[in-house]
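**Q** Sequence:
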Amino acid sequence: MATKIRLKRIGRRNRPFYRLIVIDSRKKRDGAAIEQVGWYNPISADNSYEINDERILHWLGEGAIPSDAVKKIMRQEGLSLRWHLMQQGTDEKEIEKEMKKWEMNRENVLADRKSKKLEKLSKKSEESQVPADVNAESKEEPAKEEPAKEEPAKEEPAKEEPAKEEPAKEEPAKEEPKKEE
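Mapping of the sequence shown onto my numbering: residues 1 to 181, in sequence order.
Source of the hints: derived by calculation from the structure; they are not laboratory data.
It should be emphasised that the depicted structure is a prediction, and the values quoted were computed from it without experimental measurement.
Built from N, CA and C at the ideal position, the CB exists for glycine as well.
Hints are supplied without guarantee of correctness; some may be wrong.
To be verified - If you anchor each label on the Cβ, the simulated ranges turn out as follows:
id: 1; residue 1: Lys-28; residue 2: His-58; range: 49 to 59 Å
id: 2; residue 1: Glu-96; residue 2: Glu-50; range: 17 to 27 Å
id: 3; residue 1: Glu-119; residue 2: Phe-17; range: 26 to 36 Å
id: 4; residue 1: Gln-87; residue 2: Ala-2; range: 15 to 25 Å
id: 5; residue 1: Glu-119; residue 2: Arg-55; range: 35 to 45 Å
id: 6; residue 1: Glu-92; residue 2: Ile-10; range: 32 to 42 Å
id: 7; residue 1: Glu-92; residue 2: Ile-43; range: 33 to 43 Å
id: 8; residue 1: Gln-129; residue 2: Glu-92; range: 51 to 61 Å
id: 9; residue 1: His-58; residue 2: Asn-105; range: 22 to 32 Å
id: 10; residue 1: Glu-119; residue 2: Gly-61; range: 20 to 30 Å
id: 11; residue 1: Leu-118; residue 2: Ser-48; range: 16 to 26 Å
id: 12; residue 1: Ala-45; residue 2: Glu-119; range: 49 to 59 Å
id: 13; residue 1: Ser-25; residue 2: Ser-128; range: 50 to 60 Å
Claimed, not checked - Straight-line Cα separation of at most 16 Å, EDC-like style, residue types lysine to aspartate or glutamate; simulated pairs:
id: 14; residue 1: Lys-8; residue 2: Asp-24
id: 15; residue 1: Lys-4; residue 2: Asp-24
id: 16; residue 1: Lys-8; residue 2: Asp-46
id: 17; residue 1: Lys-4; residue 2: Glu-98
id: 18; residue 1: Lys-4; residue 2: Glu-94
With these hints in hand, go ahead and build the complete structure from the sequences.
**A** Structural data, given as structure tokens:
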């Protein structure tokens, strides 16, 4: 049976909530699932998903294909790296070692993203304050501008030479007599 790991939408209008399910690939989005392996809440910023790693790895081993949205969640969780390492045949100790490295790197990446976001917001707030100060100074002392002196450009008429006309050479068309049968 061709199985997929994908999202099943539940929740009311304008308030989506999804279940991560294993389902036959030929069924509808909201069809009957084989197994529920987690959930995903796109509205909530904190704790927006929860997945059962062991069951997902089991179904991936059985040949289930994750959808793009599920792949993204697996990447955020680090599950795609674990699956990749398992596919290569690395032993459990090496996998744990790599997962710890990934975890440390992930924390650094998230901290960098947060600091860059705060830095960008502070720059925006500084830029919005600077034009207000400039406007206050400009009201006190209006700048005096002198009109620029422009000299009109000298225009010279373009020299035009008449085109030489040559008579066209015409040759009469040759006609072949029609043959009657």
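**Q** Now look at each hint and say whether the structure bears it out.
**A** A quick look at each hint next to the structure:
Range check, Lys-28 to His-58: about 24 Å between beta-carbon atoms, so the 49 to 59 Å window is missed. With their beta carbons about 21 Å apart, Glu-96 and Glu-50 fall inside the hinted range of 17 to 27 Å. Take Glu-119 and Phe-17: their Cβ atoms lie about 34 Å apart, and the range 26 to 36 Å holds. Between Gln-87 and Ala-2 the Cβ separation comes to about 19 Å, which falls inside the hinted range of 15 to 25 Å.
At about 40 Å, the beta-carbon gap between Glu-119 and Arg-55 stays in the expected band of 35 to 45 Å. The given range of 32 to 42 Å is respected by Glu-92 and Ile-10, whose C-beta atoms sit roughly 36 Å from each other. At about 37 Å, the beta-carbon gap between Glu-92 and Ile-43 stays in the expected band of 33 to 43 Å. Taken as a hint, the range 51 to 61 Å holds for the pair Gln-129 and Glu-92, whose Cβ atoms sit roughly 56 Å apart.
Taken as a hint, the range 22 to 32 Å holds for the pair His-58 and Asn-105, whose Cβ atoms sit roughly 27 Å apart. Roughly 44 Å separates the CB atoms of Glu-119 and Gly-61, a value that falls outside the hinted 20 to 30 Å. The hinted window of 16 to 26 Å between Leu-118 and Ser-48 holds, with their beta carbons roughly 21 Å apart. At roughly 20 Å, the beta carbons of Ala-45 and Glu-119 sit outside the given window of 49 to 59 Å.
The supplied range of 50 to 60 Å is met by Ser-25 and Ser-128, whose beta-carbon atoms lie about 51 Å from each other. Taking the CA atoms of Lys-8 and Asp-24, the gap is about 12 Å. The hint holds against a cut of 16 Å. A hinted pair counts as satisfied when its Cα atoms are at most 16 Å apart, and Lys-4 with Asp-24 qualifies at roughly 6 Å. For the proposed pair Lys-8 and Asp-46, the alpha carbon gap of about 21 Å is over 16 Å, so the pair is violated.
Between Lys-4 and Glu-98, the direct Cα distance comes to roughly 27 Å. Violation of the 16 Å bound is thereby established for this hinted pair. Between Lys-4 and Glu-94 the alpha-carbon distance is near 28 Å, which puts this suggested pair outside the 16 Å criterion.
Comparing the model with each numbered hint stated earlier shows that hints 1, 10, 12, 16, 17 and 18 do not hold.
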